[in-house]
Structure formats: structure tokens, C-alpha cells
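Now for the letters of each chain:
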Amino acid sequence: MFRNLLSLAVLLSIASTPLVARAVTPVELKSVKIDLPDSDKMFPDGSGSDAINNNCLACHSADMVLNQPSLSKQAWTAEVNKMINNYKAPIAPEDVGTIVEYLTTLKGAK
Amino acid sequence: MAENGAFRSMVTRRRLLAVVGATGAALTKPAWAQRMVDLPLPGGPGAREITTTFPQKGPMILQRTRPPLLETPFEVFDKGVFTPNDQFYVRWHWALIPTEIDIDKFSLSVRGHVNKTLSLSLNDILHGLPSVQLSAVNQCSGNSRGFFQPRVSGGEWANGAMGNALWTGVRLKDVLDKAGVKPGAVQVRFKGLDEPVVADAPHFMKSLDIDHARDGEVMIAYAMNGEQLPLVNGFPLRLVVPGWYATYWVKMLNDIEVLDQPDTNYWTKVAYTIPDTQHASIKPGETGVKMIPINRMVPRSFVTNVASGSKVNAGAPSFLRGIAFGGDCGVASVDFSIDRGQSWHQAQLGKDEGKYGFRQWQTHITLPTPGEYSVLIRCTNSNGVAQPDTPSWNPAGFMRNVIESTDIMAV
Numbered sequence: 057m058f059r060n061l062l063s064l065a066v067l068l069s070i071a072s073t074p075l076v077a078r079a080v081t082p083v084e085l086k087s088v089k090i091d092l093p094d095s096d097k098m099f100p101d102g103s104g105s106d107a108i109n110n111n112c113l114a115c116h117s118a119d120m121v122l123n124q125p126s127l128s129k130q131a132w133t134a135e136v137n138k139m140i141n142n143y144k145a146p147i148a149p150e151d152v153g154t155i156v157e158y159l160t161t162l163k164g165a166k
Numbered sequence: 012m013a014e015n016g017a018f019r020s021m022v023t024r025r026r027l028l029a030v031v032g033a034t035g036a037a038l039t040k041p042a043w044a045q046r047m048v049d050l051p052l053p054g055g056p057g058a059r060e061i062t063t064t065f066p067q068k069g070p071m072i073l074q075r076t077r078p079p080l081l082e083t084p085f086e087v088f089d090k091g092v093f094t095p096n097d098q099f100y101v102r103w104h105w106a107l108i109p110t111e112i113d114i115d116k117f118s119l120s121v122r123g124h125v126n127k128t129l130s131l132s133l134n135d136i137l138h139g140l141p142s143v144q145l146s147a148v149n150q151c152s153g154n155s156r157g158f159f160q161p162r163v164s165g166g167e168w169a170n171g172a173m174g175n176a177l178w179t180g181v182r183l184k185d186v187l188d189k190a191g192v193k194p195g196a197v198q199v200r201f202k203g204l205d206e207p208v209v210a211d212a213p214h215f216m217k218s219l220d221i222d223h224a225r226d227g228e229v230m231i232a233y234a235m236n237g238e239q240l241p242l243v244n245g246f247p248l249r250l251v252v253p254g255w256y257a258t259y260w261v262k263m264l265n266d267i268e269v270l271d272q273p274d275t276n277y278w279t280k281v282a283y284t285i286p287d288t289q290h291a292s293i294k295p296g297e298t299g300v301k302m303i304p305i306n307r308m309v310p311r312s313f314v315t316n317v318a319s320g321s322k323v324n325a326g327a328p329s330f331l332r333g334i335a336f337g338g339d340c341g342v343a344s345v346d347f348s349i350d351r352g353q354s355w356h357q358a359q360l361g362k363d364e365g366k367y368g369f370r371q372w373q374t375h376i377t378l379p380t381p382g383e384y385s386v387l388i389r390c391t392n393s394n395g396v397a398q399p400d401t402p403s404w405n406p407a408g409f410m411r412n413v414i415e416s417t418d419i420m421a422v
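Top line first, the protein sequences correspond to chains A and B. Numbering-wise, our numbering puts 161 at position 105 of the first sequence, and it's gapless, one number per residue. Numbering-wise, our numbering puts 35 at position 24 of the second sequence, and it's gapless, one number per residue.
If you are wondering where the hints come from, they were derived from the structure by calculation, not from laboratory data. Given the structure is predicted, the values throughout are model-derived calculations rather than measurements. For every residue, glycine included, the Cβ atom is placed at its ideal position computed from N, Cα and C. Hints are not guaranteed to be accurate.
[Stated by the list, open to error] Covered stretches of chain B, going by a simulated chain A footprint (3 or more residues, C-beta under 8 angstroms):
id: 1; stretch: 62-69
id: 2; stretch: 215-221
id: 3; stretch: 276-284
id: 4; stretch: 372-384
[Said to hold, decoys possible] Partner residues aside, some chain A positions facing chain B, computed with beta carbon under 8 angstroms:
id: 5; residue: I90
id: 6; residue: V152
id: 7; residue: L162
[Stated by the list, open to error] Heads up, simulated DSS-like pairs for lysine-lysine below, C-alpha to C-alpha not over 27 angstroms straight-line:
id: 8; chain 1: B; residue 1: K116; chain 2: A; residue 2: K138
id: 9; chain 1: A; residue 1: K144; chain 2: B; residue 2: K280
id: 10; chain 1: B; residue 1: K301; chain 2: A; residue 2: K144
id: 11; chain 1: A; residue 1: K86; chain 2: B; residue 2: K116
id: 12; chain 1: A; residue 1: K138; chain 2: B; residue 2: K294
id: 13; chain 1: A; residue 1: K86; chain 2: B; residue 2: K301
id: 14; chain 1: A; residue 1: K144; chain 2: A; residue 2: K163
id: 15; chain 1: B; residue 1: K294; chain 2: A; residue 2: K129
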């Protein structure tokens, strides 16, 4: 259940909120400007590393892929197809097999 | 042990903020930047960097740099029931996240099947509507995914894709009432400022049924733990859906659309679905199962002051402490077992900060003779739902809530 900060005051104040709202809302917001870090990590060199670097790193950094467990070729195929079909990754058809092979070699089920 | 007094969670907000400040001060030490953590994920890889490079954030487990996936280091949960803002986990779907928010220019639109389209400034929201506060757990649908066996793809989280905060904001109901929902409305769809890198990819949006949206509990938060949200946690506004998985808690919320038809967008209808089975569980490889959108959370509990692999003295009481949450309702009891579930004993519950939040628990255990023990902790929620003793499995790695086990050696 909600805990009104000044429950009675709030209950009585709906029609005349601004002043009371200020009283019950100690939070004041400040504009924010930040820089988010990026990652320059590339996929390890190997057959197909150019294809995966060129096609995949525009949308996400490599680290999460490298954190994946060993998965079957079938699972890696489904993953790459999900990126293309659901998330509209503009991967050239001729690169799909290369990327799946790269991932299966790097992170294939043992 | 000297810990048998009041729970550490019973701190005033002032003290909580002081703790946050102290943590922030420690971050300037360059040693942090080199730190790694080894998450005990079956089959690995478990090595992750502890990053301090995200603005407004302290040390976080780096799961992905862009879009950010940052996990809360588990020891943070021992500090109390409120997770500090600067170590609250972070999860984004798309990489185009605004890095500059001008509070005078930001607006929240309310449109669609309403009598009056609104464009609300932050001033309108902070000062024009009643303020409400609520303690609630925000947990990623895939929290603990890395423990699934067989393993599944996705964010390979350990148990730190969750956090509890005291959220301050306004009721979604009050905002919808201001716009005037027309008869025939069925759902309300929420969208934030983040955008996909690829233009025709589906913008991240989530929907709630109209009655849920108007239940008076769903809120639009402008503060967590008494301060504005860190940008990567959704500044300036975030939807808070108490008791429901975090996928619904849309960050940087700037668009609310009342729908007169069920939402068919990808993120509501296709992504974030679970098998419509007990514990959302199926057998690996099983197909043809009806899938439904993920929804209410389920109970969980953890030991926070003793790590697996710790040693204690046999025959002497050892202090054990942790957190629990009921999921979509409060915690009724937390029980522990030192004999693999043959007998259970109640732990003492800490202060109730609200049914949707973390609840601390504590107890003393005595491991009678030297040897290895698995200490089990089980939360039963106020709806009578207890954590299951076997792990569920589904292909997305959602909703893990099996009874946790902590291995302790008595010497």
C-alpha cells in the first residue's frame, strides 16, 4: 500500500495541489548530462572474425557474446536469426553462415 | 557473533544516503578498476570485470558495455533492504540512450483513447499531482539466468539483476484520470526515450491491462531512495509496477498511449513470454507449449552475510542473515534447513517496509558436528506460495526462484 508522505494533507489537498505537493515532495530534479562508456573490445581473431565484428558491433558490444556459455550450433543459428528477424540486424545473407560458424567454433557445445 | 541486535536495514534514510556517499568516495581508488569477480555459473564463463566507468554508478559487475547491462555485486544486498542507487542494477535493450536530459524541456505525453491529450512537464508531475511512496523490488525477468541448466542464451546474470528502492512519484491512475480514459480502453502502452540503432527495429514498449494500470498502485516514479534516478536507471521518470517483473518498469518514460485494442507490439506479444505451465517450467526441447506474457513475480530468499564455501565452528551458533521478498505480495515466513530439507525452522523477520519490498531476515544456526552442510533458505509469501525445491526451466531463462543453497563447512 502507498504511504502518503503527509497522508491527511494529501487527502485534503487534491484540489489545491501545488503548494502542498511541494511540501510533501522534498525531491527537486536537476538536469543531467553524462557520457556513457563504450567498449573497443573486438571478437578474437579467427575465421569469420571480420564478419562478426563488422555486422554485430554496431548494435551491441562484444562482451555479452563472449560471456555466453557453450551453445549448440542450432542455438547459435537461432540467436543470429533472432537478431536478423526480430531486431532487424542488417546482416548480409552471405555472412550469416560465417557468423554462426565463428560462434560455434568459439562457443560451441563441447 | 555480535550481530544479534537490530537489523542493519533499520537505518534512517539519512544514514542510508550517508552509506551511499561513503561508497562513492571509495570509488576513486584505482584498484577498483582492476577488480574482477568470478560468478559461479555452471560450465562458465564466470569471470566479469567490476566496472566503475558508468556515470552516477559505483562498482558494478559488467555484463555488457553497450547497451549497458550492469549487475549489482551480491554483497550490496547485505547492507540493508534498500539497494543504493549507485549500485542498483542496469538493463537496457537498445543502444541509443539519451545522455542529456534537460528537466525544463522534458515532457510526458498521454494520448490515444483519452478525452484530452496531455503533455506534462516535470513540474506538472512533481507539483501538480499527489505524491506517493512505495517500497518495491525491481527484478529482471532473467535474474539468475546464468544458473539455468542446461544453460540458455541471454544476459548471463548471477543473482544481482534485482534491487529494492523506496520509489517516490505519482499514481499512474491520477495521470490517466487527468487525461480521461474513454470507455472501451483495454490496455495502456508505455514507451521511453531509448531507441534502436536500426531504424526499423521495434522500439521498446510494454503494455498493461487498463484495470492494472488504474489500480492505484502502479506509479510513475521521479525518485528512488529519496533522490532523482541515475540516468541509466531511467531518469527522469520510470514506471513502477509493484510485484511485476522489471520488463514492465519502462525507463525514461515519455509516452503513455491508451489503447482500444490489445497491444500487438513485439515486446509485449512476442518477447518476454513464458510457458503457461506450473512455475513457467518445461522440459528442454519441449515444443507446442502455450506462451503468455511474463507477469507477477514469485517469492525468493537469499543468505547475504555468509558466502558459499565459508567455514564456521561446529557445535556453536553462527549468525545468518539475508533478504527475502514475496514476489507479488508480502513475506509470510522465511525458513531454513540444515538437513537438506528434512526439517525446517523459522528465521526472525526484520521490519516490514512494505509488502512489495525486500524483507530482511536473521537467525542463528548451529551445525552440530564437523562436516559439509548445505543450508537451505525458503520464503513463503503471504499468498501461501513457497519457493520450489527443484529449479524450473524455460528457454528464455526467466523466473528462477528455486530454494537457494549455501554450502558451509563446520570445523
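Exercise for review: Would you check the hint for K116(B) and K138(A), treating anything up to 27 angstroms between C-alpha atoms as holding?
Suggested key: violated (37 angstroms)
Review point. Are the Cα atoms of K294(B) and K129(A) separated by 27 angstroms or less?
Key: holds (20 angstroms)
Review point. With 8 angstroms as the cut and Cβ atoms as the points, is V152(A) at the interface with chain B?
Key: violated (16 angstroms)
Review point. Are at least 3 residues of the stretch 276-284 of chain B within less than 8 angstroms of chain A when you compare beta carbons?
Key: holds (count 3)
Check your understanding: Does L162(A) meet its interface restraint, that is, does its C-beta lie within less than 8 angstroms of any C-beta in chain B?
Key -> violated (11 angstroms)
Review point. Per the CB criterion, is I90(A) less than 8 angstroms away from chain B?
Key: holds (4 angstroms)
Review point. Holds or violated: are the alpha carbons of K86(A) and K116(B) at most 27 angstroms from each other?
Key: holds (12 angstroms)
**Study point:** Within 8 angstroms of chain A's CB atoms, at least three CB atoms from the stretch 215-221 of chain B: coverage verdict
**Key:** violated (count 0)
Exercise for review: Count residues of the stretch 62-69 of chain B with a Cβ under 8 angstroms from any Cβ of chain A, then say if the count reaches three.
Suggested key: Our answer is that it holds, as 5 residues pass the Cβ test (under 8 angstroms) against chain A, meeting three.
Point to revise | Straight-line alpha-carbon gap K301(B) to K144(A), limit 27 angstroms | key: It holds: about 26 angstroms lies between the C-alpha atoms, which stays within 27 angstroms.
**Study point:** 27 angstroms limit on alpha-carbon distance, applied to hinted pair K144(A) and K163(A)
**Key:** Holds: K144(A) and K163(A) sit about 23 angstroms apart, inside 27 angstroms.
Practice item. With a cut-off of 27 angstroms on the C-alpha distance, tell me whether K144(A) and K280(B) pass. Key: holds (17 angstroms)
Checked against the numbered hints given earlier, the structure breaks hints 2, 4, 6, 7, 8, 13 and satisfies all the rest.
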